[in-house]
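Construct the complete structure from the given sequences, taking the supplied hints into account.
The residues making up each chain are set out below.
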Amino acid sequence: MASETKGNWWIWKVFWILLFITTFEVALGIIKPSFLVDTIFLGTKLLNHVFIILTIIKAAYIILQFMHLGHEKVTLKWTILLPALILVPYLLFILLSEGAYTYLML
Amino acid sequence: MDEALDEALVKDHKPAWKGGDQPYEASYGKLMMWFFLITDTLTFSAFLASYGFSRFKYPDIWPNPEDVFSHFPFLHGEHPLLFVALMTFILIMSSVTMVLAVNYGHKMQKKKVILWLSLTIVGGAIFLGSQAWEWGHFIHGDKGGINTQTEHVVHIAEGEKLSSVYALMGADGHDGTHHHFTVDQVITSLEANPQYNIRKANRMYLTNEDAIAYLRENASEVLLGANLKNNEYGHPLFADYFFFITGFHGFHVFSGVIILIIILINVIKGTYERRGHYEMVEKVGLYWHFVDLVWVFVFTFFYLV
Numbered sequence: 001m002a003s004e005t006k007g008n009w010w011i012w013k014v015f016w017i018l019l020f021i022t023t024f025e026v027a028l029g030i031i032k033p034s035f036l037v038d039t040i041f042l043g044t045k046l047l048n049h050v051f052i053i054l055t056i057i058k059a060a061y062i063i064l065q066f067m068h069l070g071h072e073k074v075t076l077k078w079t080i081l082l083p084a085l086i087l088v089p090y091l092l093f094i095l096l097s098e099g100a101y102t103y104l105m106l
Numbered sequence: 001m002d003e004a005l006d007e008a009l010v011k012d013h014k015p016a017w018k019g020g021d022q023p024y025e026a027s028y029g030k031l032m033m034w035f036f037l038i039t040d041t042l043t044f045s046a047f048l049a050s051y052g053f054s055r056f057k058y059p060d061i062w063p064n065p066e067d068v069f070s071h072f073p074f075l076h077g078e079h080p081l082l083f084v085a086l087m088t089f090i091l092i093m094s095s096v097t098m099v100l101a102v103n104y105g106h107k108m109q110k111k112k113v114i115l116w117l118s119l120t121i122v123g124g125a126i127f128l129g130s131q132a133w134e135w136g137h138f139i140h141g142d143k144g145g146i147n148t149q150t151e152h153v154v155h156i157a158e159g160e161k162l163s164s165v166y167a168l169m170g171a172d173g174h175d176g177t178h179h180h181f182t183v184d185q186v187i188t189s190l191e192a193n194p195q196y197n198i199r200k201a202n203r204m205y206l207t208n209e210d211a212i213a214y215l216r217e218n219a220s221e222v223l224l225g226a227n228l229k230n231n232e233y234g235h236p237l238f239a240d241y242f243f244f245i246t247g248f249h250g251f252h253v254f255s256g257v258i259i260l261i262i263i264l265i266n267v268i269k270g271t272y273e274r275r276g277h278y279e280m281v282e283k284v285g286l287y288w289h290f291v292d293l294v295w296v297f298v299f300t301f302f303y304l305v
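Chains as they are written, first to last, in our numbering: chain A, 1 to 106; chain B, 1 to 305.
Do not take every clue at face value.
[As the list claims (entries may be wrong)] Under the rule of at most 27 angstroms between Cα atoms (straight-line distance), these lysine-lysine pairs were calculated in the DSS-like manner:
(1) B:K107 x B:K283
(2) A:K13 x B:K111
(3) B:K161 x A:K73
(4) A:K45 x B:K161
(5) B:K283 x A:K13
(6) A:K77 x B:K107
(7) B:K229 x B:K112
(8) A:K13 x A:K77
(9) B:K110 x B:K30
Derived by calculation from the structure, the hints in this document are not laboratory data.
Quick look at the structure:
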């Protein structure tokens, strides 16, 4: 396995990446740049899209590196990832669009 | 099945149905942990998606997270996001110590596994303590609110700036005593202190006179703090989701800490040393990273967005 030959440096690399992204998110959340707050895209602020993209990047590092899924067999990788990648966006699409719809009906 | 036959089956990839063949090249235990984590992913996704549903249903009156979670232990003033950022850091850090424990497990270095596993438990415990503080603060409340017949909560403001019921009533919200105010007391106070007014749930500020008229007509009770039925921050669902989602995640962290302690005892006793591999540490590690992963999303959707 890869981790047997590699040292610990990759762990700390991932740690610094996660820490940097989190700090960046918090800074954005406090400063709230007006360009990102005032631009509305797909029903929400551009800032929220930035947060969501950064969160997905963090999630990818945790799953692929820390949980070691990136180094597993490709069949296992997709067995784990596909159900989530199909069902979660589907769930979000249904619930968020229905939420917006009930708002219009209120 | 004797060992020679077992070996032959694996080597020739003969009947996979009889076991011994690992198409995923992962052990049964690890595979089942992954399958459990998929189901848990879908559970948490459903929670966060339904939180999104409610937010999209009440976009005008949903509480602003930065008005709610704005305090840091032992610090005065407003510090939005800082405390949860610290909690995130603690959980990421404990994830790092967990990977290190798994890594030293592969190398069969028992003492280092014990060290890093212990630090992971400490990180988990600190996170749980932080969450207890966060819950305590949320339940006790901060600025107070006034419930109205429309079931929308309005807040006390000073001009165009959010103030608090305590400031209006000249009381200290954090002196440890149990406060109780009536709507009449608040209205009397508003009449006596014309610099105060209210902010409606849709973030509209009323003048002092309009505020008094509005409260006379609509106000039903003064809310201090939060429970499952109503809360001072806004829509009742806001507190319900907060308790449910962070509570469910906190329970995961709690069970994670318990499981880690059991595994640590086994490591110290030398169970895995005798077994010849530290795969159990790896499997629990998967669960622990998952708890970190969920928090990353809770952090984004509850506190940032």
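Against the structure, the hints:
1. Of the supplied pair hints, the one linking K107 (chain B) and K283 (chain B) holds, its CA atoms being roughly 16 angstroms apart against a limit of 27 angstroms.
2. About 24 angstroms separates the Cα atoms of K13 (chain A) and K111 (chain B), which keeps this hinted pair within 27 angstroms; it holds.
3. With a C-alpha separation of about 56 angstroms, the suggested pairing of K161 (chain B) with K73 (chain A) is violated against the 27 angstroms cut-off.
4. Of the pairs offered as hints, the one joining K45 (chain A) and K161 (chain B) holds, with about 23 angstroms between alpha carbons and a cut-off of 27 angstroms not exceeded.
5. This hinted pair checks out: K283 (chain B) and K13 (chain A) have alpha carbons roughly 22 angstroms apart, not beyond 27 angstroms.
6. Between K77 (chain A) and K107 (chain B) the CA atoms are separated by roughly 24 angstroms; this keeps the pair inside 27 angstroms, and the hint holds.
7. Between K229 (chain B) and K112 (chain B) the alpha-carbon distance is near 48 angstroms, which puts this suggested pair outside the 27 angstroms criterion.
8. For the hint linking K13 (chain A) to K77 (chain A), the alpha-carbon distance of about 22 angstroms falls within 27 angstroms, and the restraint holds.
9. The hinted pair formed by K110 (chain B) and K30 (chain B) meets the criterion: a straight-line CA distance of about 21 angstroms does not exceed 27 angstroms.
Of the numbered hints stated above, those contradicted by the structure are hints 3 and 7, listed in ascending order.
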